[in-house]
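Mind docking chain B on chain A? Use the hints.
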Amino acid sequence: MSSLVRDRLRRVRALVLRYLLLLRRDPARVVDTFYWPLIDIAVWGLLTSFVARRGANLPNAIGIFLGAAILWNLFFRCAQDVSVSFLDDVWSRSVVTIFASPLSFGEFAVAIMLLGLVKLLFTLIAMSVAAWLLYAFSVFSLGFALVPFIGNLVLLGWSVGLVSLALILRFGGRWAIVAWSLPFLLMPFSSVFYPESVLPPVARVVARSIPANHVFEGMRTVVMDGRMDWGRLGWATTLNLFYLALAASVTAWVFRVALRRGLLPKVR
Amino acid sequence: MGQSQATCAPAVLIRDLSKRFGAAAALDRVSFDVQRGEILGLLGPNGAGKTTTLHVLLGLVRPTTGQVRIFGLDPHRERAAALRHVGFASPEALMDWRLTVEENLRVYAEFYGAEQGAVARSLGVLELESQAATKFGELSLGQQMRAGLARSLLHSPELLVLDEPTASLDPDITDKTRQLLLALRKDRGLSILYTSHDMAEVEALCDRVIFLHHGRVVAEGTPLAVSRRVLSRADLDAASLEEVFLKISRDGGL
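Line by line, the protein sequences give chains A and B. Residue numbering for the first sequence follows the numbering used here, beginning at 1 and increasing consecutively. Residue numbering for the second sequence follows the numbering used here, beginning at 1 and increasing consecutively.
Keep in mind the hints are simulated off the structure, nothing from the lab. In this text the structure is predicted, and so the values were computed from the model without any measurement. Treat each hint with caution, since some may be false.
[Unchecked claim] Okay, the calculated beta carbon distance ranges per label pair:
| id | chain 1 | residue 1 | chain 2 | residue 2 | range |
| --- | --- | --- | --- | --- | --- |
| 1 | B | Glu115 | A | Arg25 | 25 to 35 Å |
| 2 | A | Arg25 | B | Ser156 | 27 to 37 Å |
| 3 | A | Trp175 | B | Asp235 | 55 to 65 Å |
| 4 | A | Met187 | B | Thr134 | 39 to 49 Å |
For glycine and all other residues, C-beta sits at the position ideal for the given N, C-alpha and C.
Isolated chain A (complex conformation):
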């Protein structure tokens, strides 16, 4: 491994470790990682119990709703962690300090995306244990399909997170609310808790361009039919790779604009 690559990896690792130290030092971060996901499990589990008691004809309702709640949370956390990590630096006025060091913006972006992955593991474990203890549902019953589903949601989360980061970099921290709303903009078209077929025709067209829609449709196929829909998975992966490349390009462009306009030292 060349010294250049070694140096890059060392800087990325240092930044990831810094954010993990923050998890330990800042109890508010625990709320993000554990509290809301566990609330979601409790609420969706209760709703599912209610639906089941009313005798609704919905086989494997627990798997559909809790599986969806877990996967949606993983996507949302992944998207949010990218922008929150950057906001941590904005709020502590350390953006200048960080970018006056040899750390590049690319390394910074990779570090906060990796951090999202680490925190996602915490969230996955917490939600899985809660779903098992409270409702005897194991998300791992999805089997091997869980890996590409989560992988695709991570890719989509990174794309949305990078766009959020670009918005904050360009327009300042006051845009954080808008940036955090982005995942919810996708939610109605992502078929998280209902099938794509219930959407109006125009919305269905939009939904097909959103990778999460294919992931959640694929998840329901696994739960209800016990088979993997490889077509959906292929679409999700293709769209995700395209969106991630697009989001990375847009964010890199916004960073260059920020350098040109002198926004980096002023971001608040």
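Only chain B this time, still in chain A's reference frame:
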């Protein structure tokens, strides 16, 4: 950049540097060098372009035109290689307020690839050992500035870029900081690019000064030479940068 060129290049080379933000010119054809082992004061009233110059030098703001080099390296194209030579401290460049001083320094030591023991050594140099386990956000402004200086020294840089490093320090710590900078220059041949509004401190510290006004270099030389020229008093036998500053602030010094 060839090895021989890099080894003989000045610590900082700035040529015809201009920076426009829309219609406003923040810097207008600024040129100067910081020689190796030299302490250069970059002075001027608020809005003169000092901080913009430092930000361009540190790769935080891209210049509109002109050339910037750190030991022969372009901080915009060879970022990691160039910035590895630089330590930077400023009251505007803080660290994470929730982490302890030591934790923050450990992270930055990794960014710069500092050697083992660098954190303890830096804490010792700035007399911050007793604050090592204190959260950065719980330090006083002066202590935060000292922690910033400790951070800037972690990787034994060859160039220090200091933006008003003594702004929040009490006279005792200010004096210690000044002695430290002089000692670093003497022992390590450190080059320092320095901004301050404390003209007495600048006279005590800087080999040369550059005055900026409305983004242009309006005076350059030793503190005494600049004082004589700007104040039109060839008989001066001691620098009087306070007067120079006031004259430049009020009428551009010309």
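These are the hints, each one checked on the structure:
1. As the Cβ distance of Glu115 of chain B to Arg25 of chain A is approximately 26 Å, the hint placing it in 25 to 35 Å holds.
2. Between Arg25 of chain A and Ser156 of chain B the C-beta distance comes to about 28 Å, which sits within the given range of 27 to 37 Å.
3. Taken as a hint, the range 55 to 65 Å holds for the pair Trp175 of chain A and Asp235 of chain B, whose Cβ atoms sit roughly 59 Å apart.
4. Taking 39 to 49 Å as the suggested C-beta distance range, the pair Met187 of chain A and Thr134 of chain B conforms, at roughly 43 Å.
Hint compliance for this structure: no hint is broken.
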